[in-house]
Amino acid sequence: MALNKSKRKNNEVKVALAGNPNSGKTTMFNELTGSRQHVGNWPGVTVEKKTGRASYQNYSLEVIDLPGTYSLGAYSEDEVVARDFLTTGDYDVVLNIINSSNLDRNLYFTVQLLEMGVDLIAVLNMADEAEKKGIKIDKEKIGQLLGTPVVETVASKGRGIDSLLAETVQHRDLSEAALKIDYGSEVEDLISEVVSMLKEFDFTSQINQRWAAVKLIEHDPEAVKLLEREVGVSKAKKIKSLIAERELKAEDDFDNIIIDKKYEFINKVISESVQRPAADQEPENVSDKIDAIVTNKYLGIPIFMAVMWGIFKFTFTLGDPLIGYIEAFFEAAGGWLGGLLVGAGISPLITSFITDGIIGGVGSVLVFIPNIFLLFLAIGILEDSGYMSRAAYVMDKVMSKLGLHGKSFIPMIVGFGCNVPGVMATRTLDSKRDRIISILINPLMSCSARLPVYVVFAGALFPNHASTVVFSLYALGIVMAVIMAGIFNKILFKGERSHFVMELPPYRFPTLKGVFIHMWEKVGAFIKKAGTIIFAVVVLIWVLANLPLGVEYASAQSLIGQFGQLMAPIFEPLGFGNWQAASSLVFGILAKEVVVGTLGVVYAAGEGGLRAALTANFSPLAAYSFLTMVLLYTPCIATLGAIKSETQSWKWPIITASYLFVLAWLVSFVIYQGGMLLGIGV
Amino acid sequence: MPLAMLRPGETACIKEIVGGRTAKGKLTDLGFVSGKKVKIHSSSGGPLIVGLGDNRVALGHGMAHKVIVDTKGCEN
Amino acid sequence: MEYLFLGILGFGSLYYIGKKVYGGIKGTDSPCAGCSDQSCPVSGGKEYNFDEIVIDD
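Protein chains in written order, with full-length UniProt numbering: chain A, 1 to 682; chain B, 1 to 76; chain C, 1 to 57.
Everything labelled a hint here was simulated from the structure, so no lab data went into it. Just so we're clear, the structure is a prediction, and the values are computed from it rather than from any experiment. C-beta atoms are modelled at their ideal positions from N, C-alpha and C, and glycine is treated no differently. Hints are not guaranteed to be accurate.
As the list claims (entries may be wrong) - Mimicking DSSO-like on lysine-lysine, the simulated pairs with C-alpha atoms at most 27 angstroms apart in a straight line are:
1) A:LYS240 - B:LYS37
2) A:LYS133 - B:LYS39
3) B:LYS15 - A:LYS261
4) B:LYS15 - A:LYS132
5) A:LYS262 - B:LYS15
6) A:LYS133 - A:LYS289
7) A:LYS651 - C:LYS19
8) B:LYS15 - A:LYS14
9) A:LYS132 - B:LYS37
Unchecked claim - Pair by pair, the computed Cβ-Cβ distance ranges are:
10) A:SER271 - B:LYS15: 21 to 29 angstroms
11) C:TYR22 - A:VAL286: 25 to 33 angstroms
12) B:ARG7 - A:GLU228: 33 to 41 angstroms
13) B:PRO8 - A:GLU572: 51 to 59 angstroms
14) A:GLY147 - B:LYS15: 52 to 60 angstroms
15) A:GLY158 - C:GLU2: 56 to 64 angstroms
16) A:SER196 - B:ARG7: 46 to 54 angstroms
The following block holds chain A by itself, in its conformation from the complex:
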């Protein structure tokens, strides 16, 4: 197949990776492309499209990572995207990444590719795990039976990559005949009839007609759509009625026959080329033993909480000293630079720009790179280890009691990194109601951009309990999310209840390489953000702090001071009715880190350090109340924008922005006034 090849140079190869989730496809992609991968999106859907470059000898390869799917049916966006690419995309050859220790399931996907006529190389990945289980695969035999070249690899250990590249380059013009599985006389007769009708109606020759016929017999909705597009609705109807007619007369469902025959073929391939150790019962493996504890009715949730707590401890114990160093560095640099510039006769304005503006503003945000880095590292390790699906399973019980279900859990976890993809991740929920509710509560998952705010305040005002304070904020966010979900559930329109099916992959040790690639991306993005939007806002605020000309820097009479004072009264009952806090919150709607950046500028943090300024201007209670505000209030513009595009309306982002502000105000109020009454932390 691969009929859509664009013109390319002789040494350029385009290769696509396809396979089940948990087949090590992503690891393979990382191995092949290293840090040269580029993460984008397939147009129109939220499925990640990863492309990267690899090189082998004098060949340059473009590697496209297709979404991991179990099949090429049309049940989800992932599958449609993958299938579309395989039928009409521009590529030379496909690397089908197969989990060698799980051939039955993986070959089901392979067989679908082969029936489509995709030219592929079978990559028997995770060969080490298969070996551990005593599974022996005869490479030659299986290649023969499947009709494809075969390569053995262990992507997680970097084994076999070279041979894979060599095979890929060698077979870049591969052209194999499509696999034909004998579906039994009844179905085969129908297939022939449909194929001749397709030919008669001039169905596109770009797609394997036998495959299309089988799909139509299976009532695959995408295939039907394609048929109607190709031959027109009335001719399509003729084919559909023929199929329906035959089905009525048939004894068994064609669907079942087709699946059975596919599996017959797979079983035959396996029995002839794979040796498995005799096993009378399924052995209890390590993953099961861990699961017995982790998914236990009573222990499941406490364990999850403990794991989350552990992540915090880790992020802070390691992060704090590092932050301390960076902070000290910036303070020293600020002081030194300031002195230097003044000494050199540089205008005080420019000096102030550099020390108060850049170092005070942007510097105070950059200081948090260690925290961001460690947080994402911890989450990345957790995800790669396989624990996250167990967490979703465990949380499903809790969530169903509130009328949500396990699938809403993933967007929430993603939201801890950033609410924008968190909101986009709700696309996996089919029920509109579930989607909207998940979107509405997603901002309550405290995103990584707010972390600098928490850390700087916690460090300044709760020095001995910093990690506990921060953890309490995250926990508060989750609790509020749960409560709001319950409320929304009652007041929003009723939708269908849905069920779920979810694979629990075996536990794995995450590969350092994969995890570090992700970390690098994230830290890079953070720095970029600091250098762009945060910088821009800091500059603006600094300018406002110096106007009208001649005003004392960042005083209540400066423009920013006056602006802040307009807003301040709203926050008076919450304990932080000062203009600095008010303006930082307002600007925080642009990007949450800006809250810190703003405070850094207006408190001239480039000289004294932000922590000192905060201690002088906030009581512990006011600080906590402020943090609650930051946790719960209106999310950043980017998030609101994402909500608008996901819901295709203005209504929902406006509702989100408003209800969260009100909620935040109320909770902060309760905390501050309550604390005042009880005399805590004043």
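Dock chains B and C against chain A, hints included.
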């Protein structure tokens, strides 16, 4: 009987998958096909955790009702 | 002189911020560095396979 009715530790043989196209398709994709052995690992409220060979799958109750099994085993 | 300096910085940043905010709302750009309505490098990047069945047929 439906898979949903089995207790933890029990094994059975899948006889058929019922339900609409999408449901059947998703179950089949994950390996629920007639003739396969399946074992219940956990069913403590909420979804069940089910073992298919070396694979573990969490199934909501509704889905588990669509998998019809026979506790007598897969002799043929 | 100082007005010029402040003016350039002030309007420059205002323009940039405005552009990003407008884009964020339109969905074509976003204040979040590298984020657009299409992708986000700060995202988890993990492909989860959580299947959901809607009662049908």
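Cross-check of the supplied hints:
{"no.": "1", "hint": "A:LYS240 - B:LYS37", "in the structure": "violated, 35 angstroms"}
{"no.": "2", "hint": "A:LYS133 - B:LYS39", "in the structure": "holds, 19 angstroms"}
{"no.": "3", "hint": "B:LYS15 - A:LYS261", "in the structure": "holds, 15 angstroms"}
{"no.": "4", "hint": "B:LYS15 - A:LYS132", "in the structure": "violated, 31 angstroms"}
{"no.": "5", "hint": "A:LYS262 - B:LYS15", "in the structure": "holds, 17 angstroms"}
{"no.": "6", "hint": "A:LYS133 - A:LYS289", "in the structure": "holds, 17 angstroms"}
{"no.": "7", "hint": "A:LYS651 - C:LYS19", "in the structure": "holds, 22 angstroms"}
{"no.": "8", "hint": "B:LYS15 - A:LYS14", "in the structure": "violated, 43 angstroms"}
{"no.": "9", "hint": "A:LYS132 - B:LYS37", "in the structure": "holds, 22 angstroms"}
{"no.": "10", "hint": "A:SER271 - B:LYS15: 21 to 29 angstroms", "in the structure": "holds, 22 angstroms"}
{"no.": "11", "hint": "C:TYR22 - A:VAL286: 25 to 33 angstroms", "in the structure": "violated, 53 angstroms"}
{"no.": "12", "hint": "B:ARG7 - A:GLU228: 33 to 41 angstroms", "in the structure": "violated, 48 angstroms"}
{"no.": "13", "hint": "B:PRO8 - A:GLU572: 51 to 59 angstroms", "in the structure": "holds, 58 angstroms"}
{"no.": "14", "hint": "A:GLY147 - B:LYS15: 52 to 60 angstroms", "in the structure": "violated, 33 angstroms"}
{"no.": "15", "hint": "A:GLY158 - C:GLU2: 56 to 64 angstroms", "in the structure": "holds, 59 angstroms"}
{"no.": "16", "hint": "A:SER196 - B:ARG7: 46 to 54 angstroms", "in the structure": "holds, 53 angstroms"}
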